[in-house]
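Protein chains: 2
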Amino acid sequence: MSQMAKIGGLSGGGVERLTLSKEDKEARDLLMIWMRELGLKVSVDQVGNMYGEWGNSKNAAPVYLGSHLDTVGNGGEYDGSLGVLAGLEAIQTCIENNIELSKPIGLINFTNEEGVRFTPDMMGSLALKGGIGVEKVMKIKSVDKQFIFGEELEKIGYKGTRKLSEFKATAYLELHIEQGPVLESEQLEIGVVEMVQGISWNEIYLTGQSNHAGTTPMHLRKDAGYVAASIIQYARQLTHEIGDRQVATVGMVEVEPNLINVVPGRVRLTVDLRNTDDLQLMEAEKKLIDFAKKIAAVEGVEIEINSLVRFQPVPFDDSLIALVEGSAKEMGYSYKRMPSGAGHDAQMMAAICPSTMIFIPSKNGISHSVKEYSSPEDIEKGANVLLGTAIRLAE
Amino acid sequence: MSQMAKIGGLSGGGVERLTLSKEDKEARDLLMIWMRELGLKVSVDQVGNMYGEWGNSKNAAPVYLGSHLDTVGNGGEYDGSLGVLAGLEAIQTCIENNIELSKPIGLINFTNEEGVRFTPDMMGSLALKGGIGVEKVMKIKSVDKQFIFGEELEKIGYKGTRKLSEFKATAYLELHIEQGPVLESEQLEIGVVEMVQGISWNEIYLTGQSNHAGTTPMHLRKDAGYVAASIIQYARQLTHEIGDRQVATVGMVEVEPNLINVVPGRVRLTVDLRNTDDLQLMEAEKKLIDFAKKIAAVEGVEIEINSLVRFQPVPFDDSLIALVEGSAKEMGYSYKRMPSGAGHDAQMMAAICPSTMIFIPSKNGISHSVKEYSSPEDIEKGANVLLGTAIRLAE
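Protein sequence lines, in the order shown, are assigned to chains A and B. Quick note on this note's numbering: the first sequence kicks off at 4 and runs consecutively. Quick note on this note's numbering: the second sequence kicks off at 4 and runs consecutively.
Derived by calculation from the structure, the hints in this document are not laboratory data. Every residue, glycine too, gets a C-beta built ideally from N, C-alpha and C.
With a straight-line Cα cutoff of 30 Å, these simulated DSBU-like cross-link-like pairs (lysine-lysine) come out:
id	chain 1	residue 1	chain 2	residue 2
1	A	K374	B	K296
2	A	K366	B	K296
3	A	K297	B	K366
Covered by chain B, according to a simulated footprint, are these stretches of chain A (three or more residues, beta-carbon under 8 Å):
id	segment
4	218-231
5	338-352
Chain A with its partners taken away, still in its complex shape (with noise of 0.2 Å):
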């Protein structure tokens, strides 16, 4: 973990390694040295996956292990790189120790899975489900309209010939930090997956009118920060009325003209909603639309919704997800199992294969951040966890 930290890392502590970046091109060099060195058959594909593979794939199609060397900007040494890195020591320690797999063990590196640099996120294993093609990923345009993918893909050397539509695989599985508090909290040790929520992103505009705070009575007020205001408490609210699986986040608020004695005339907010289960999902996003239009006409404010993203949840494999827990109760450790609150590979290899991710503890719940923290305790068990269930499937 350390040496893959380097590159990239920062001066205050935590990596940033933006996809197809001068560090990203640096951490591929890296695995591929090692990937070498362990014997494996390295490839790499039309969008810059990386491969390594060990055992004979004419018997059958291959267990794979892995996730993702991009980072977001000032992020962490944990998010992506544990599932690859641990993935890689997997397959060493079957290596070294002789064991006997009937079927072929191999490691994934996905291209851009966090979409900070260039959208969507997940873009090297949306490509290999068939989400997205070939030709439209080369063609994306960064962030900052500044770079092209495809050239930056070649201009780093990672732009391969392994087609994705030959992906064959008997299942996948992904070691990860949890990115949030809910195992350290319960004191577990081991995260089983069973899926990946639903996510609904929402931007509202919210138009009333600017005016005085001292001369205008409250009854010809269009206030669009009370509307606003109204909505986060809302959004709230909903979480206890639907129950557990639901979450709501208003994370984005910003307010015209923005002055201390300016009635607020315009407000764009977003909302963030996630329920495991979609049709409460959907249940969800109806009560808040529905909820927000009418507050907004009590006011007399105006208001526009546009949905930004919309992902159904994704159920990982039953029996999978069972082979983690007993690798998880074999080995002696607590563990719960829980969804996935952020997306990952993972979900869409689900479409492709039988999938399914371990999580551990992250300190404080942070990720994201150059505080992002697991202990190497907690690392070592989900590493045997993966490493335990990776036998079990190739065996």
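Following the hints, put chain B in place on chain A, whose structure we already have.
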């Protein structure tokens, strides 16, 4: 009006004449020419307030009419200018019609009422009442820290010698646009201003914890945005609890990190409370602060509250108010007694001499905007009430 509005006139309508700018100097120079043409005795005091007096001041202290020629950025042509120009016209009418007055009548153009380029606002009248010393005023830095008040005042040639301490007045009258929607919405022609509301500004810093919107269960959140929304909601509720005289505005909200999928970790918001009754205003402040502390504690969010501004309500002179009301009634104009929601030079003058104000309707209640507008008919009525009241006072 139209000639003055050309100074600092904006291409798309509206006026920008920031205090002690080139445009402020031009406006002052034009006023100086007009006052001299009328034969007024002209003077400028130590902080740049301009005076023009007519009549023998040995008999009695003058009746002053006035307001200010400075504007906010992207302002209108009525706020301030109306009171100065209508005051000048009233004096001209007295002179041209040989109206015999026992007391002198004078005009004042106050320095820096708006407080945009240099703070505090109402600076000229505040200095005149002794609320801030001349030395201190001279050293005030501009908001952008690039200029010093005293230097800029000298540069435009309006550092006068008339001593603030020698000021004497029989009364002060200020005609002004309402800057609110009350007169227009009630279809009234004149506002007889009884007082200026008390004002209380607080800024509130909320520090919770930034967390992933998908992976952080609701009960583990410390959401600064949710607490802010609760305070905004409560500010509205407060106006219902306390009653019609109370207004409350949250005009400024700043969220960090302000990302769609991150629980807000930090919010700054401001609360503007105003009431004509100081006891009610104190009650509103206490209730708001108590509520804010309580809701922050429930959410586990740290709270810091700073008082930025606190003015007590300023009552105007009863007999002067009655005189204005009598003038409006005599002229057959519809009117109502009302408070001023905004601050004005008249509230400073009230500490030195009997003072009051006359309001005329603002179209859509808009001011501090290039859309600021009052009709020529309403302006004429306001000017007539100003003249009528001034004559009664000086007779």
